[in-house]
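Asks: The listed protein sequences correspond, in order, to chains A and B.
Residue numbers for the first sequence follow numbering that gives the first Met the number 0, beginning at 0 and rising by one.
Residue numbers for the second sequence follow numbering that gives the first Met the number 0, beginning at 0 and rising by one.
Hints in this document: simulated from the structure, not taken from any laboratory.
Since the model is a prediction, treat every value here as computed from it, not as a measurement.
Where a beta carbon is used, it is the ideal one built from N, C-alpha and C, also for glycine.
Be aware that a few hints might be false.
What the hints assert, rightly or not - What follows is a set of in silico ranges between Cβ atoms, one per label pair, in the way DEER data are often shown: (1) B/Asn57 <-> A/Tyr2: 30 to 36 Å; (2) B/Asp164 <-> A/Glu97: 53 to 59 Å; (3) B/Asn57 <-> A/Ser77: 53 to 59 Å; (4) A/Ser77 <-> B/Asn91: 37 to 43 Å; (5) A/Gln109 <-> B/Gln189: 42 to 48 Å; (6) B/Gln333 <-> A/Tyr71: 33 to 39 Å.
Said to hold, decoys possible - Calculated lysine-lysine pairs in the DSSO-like style (CA-CA distance at most 27 Å, straight line): (7) B/Lys341 <-> B/Lys324; (8) B/Lys3 <-> A/Lys44; (9) B/Lys253 <-> B/Lys187; (10) A/Lys44 <-> B/Lys324; (11) B/Lys253 <-> B/Lys224; (12) B/Lys187 <-> B/Lys3.
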Amino acid sequence: MKYLIPTIFFVVFVIWYLTFLARRLDRLHHRVDNSWANLDVLLQKRAAVALEIAHSDIADPASSLLLTGAAYQARDASIQYRSNAESGLSGALGLLLEDSRHLATAADSQLLTELSALTDKIRVAIAIHTDAVSRSQMLRRKYVVRTFRLAGNAPLPVTYEFEADVL
Amino acid sequence: MLSKLLKIGIVCPYSWDTPGGVGNHVRDLAEYLIAQGHDVSVLAPASEDAVLPSYVINAGKPISIPYNGAVARILFGPVAYSRVRNWIAEGNFDLLHLHEPAIPSISLLACWAAEGPMVGTFHAAAKHQKIIFAIGPILEPAIEKLSARIAVSEAARLTLTDHLDTDAVVIPNGIYASRYMHGSPQSKWQGNTIGFIGRFEESRKGLSVLIEALPVISRFAPDVKVFVAGPGDPEEAIKSIDPQLRSRFEFLGKISESDKADFMASVALYVAPNTGGESFGIIVAEALAGGACVVASDIPAFDDLLGHGQYGALFESENSTELAKVIIDLLRNQDKRTQLAKSGKDHAQIFDWSVVAEQIYSVYEMSMVGGSKVRVAQDSRSWSRFLSKEEKP
């Protein structure tokens, strides 16, 4: 009998702790979803701007072709090829911008400013997303979380392998 | 350029009536956002008789605790917690912006009590924060609720990654560069003059390093004068100066913003000999914007801010001999001074609020993607219902 009260306390504490962890995890998964949605939107926008650049006077026919291809690929890529496709688009944009900065006209330079503003935002979005992902991965590695399957059926979030320096 | 109008709640952990880096940052940010048409409410501790601007809500009387080489006036406790919760519940905010949420303060309480889009800005950069950061495991669940983290400098970001194992976006502190751009040089401050602004009584501001350097400097530049501006009692400082050199020092007391602009435009050199505890160095950014030639200690924050010596001269921190050498060299070389001042002034534009607030706003946008509003956290609600019945329906 004398162990009853401590046992009850212990059980209550364990239950509280497990719900606390589960809630934390749930929140982190939400954060990952949100930050990914955010990054996704920005990347779509970038693909759209890339297409516009491809159709403008900045691009010569050859790089226009390259850029259009890369932009479509980035837009239509399924999730596992997404990061490859986006890196491809970064590469194509990088190639073009390297030698076209000086010959851009006023109308075109507006496109380029838009692109560079977008690139800055993407860089921030990647940092936020990566942090959310690594946080949830860290929590999901916890022994308690694995034993009690607190994550349920939620898939393990994966980092988006984006080469930030290519941007 | 700022598009949708938002209801933003900002929490300032330090007392509103004691001026300080974080408080100034919060005030300027809030005023900038209000000028853009946003609805901003700032929650900050303040003493009862303090006169507060209309957008500031008083969270209660702060207590003083020693922190990071200075005395911090902050607030926490159950009463503060329930005030914070009410503020969140009634505010109906689109977003919360918490400043310095990693120290025990109302920022941390707000982080604990709220759920939804939250952005945290980390200001501190110090090695000796082990005690504060030792409670990391307790902080972690709260800190990870932040949808995005901002660090004000590379140094602050490193402190964060070291202690809390989390990354942040670096967005510098903002200044109103235009306020300092058009200072008119005043003859009383011109010549072989050295300027210093800050709470000189605090040893981390490093006035003593400058005082130690002066005997050497005055040997090479006999007409050198040092102007020290900032709040405080000069008595102590004067005692530590060599009696023969006391006439070289002039204490101006606290000076106004417009005087500050003139000051920066007049002095030959602006010296920031801080020995540490500085994470950004707003005054150095203002000096750059005001067109002063800056000499600063090579603590990480200043090294970063001055582009490793590109926008101002650096000397080894706490080394008065080297400080003297750098100052003498620059006092003798007008061309180098003008060139440093000019590149510094150009560089300072990136700290202007129009640039900085824009960056902060884009982080806001990113953390609001889920579309939900800020509300009182579920666990905090049930917890308080358990403890008391005062919860409003």
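Asks: List, from low to high, the hint numbers that the structure doesn't satisfy.
Replies: Violated: hints 1, 2, 6, 10 and 12.
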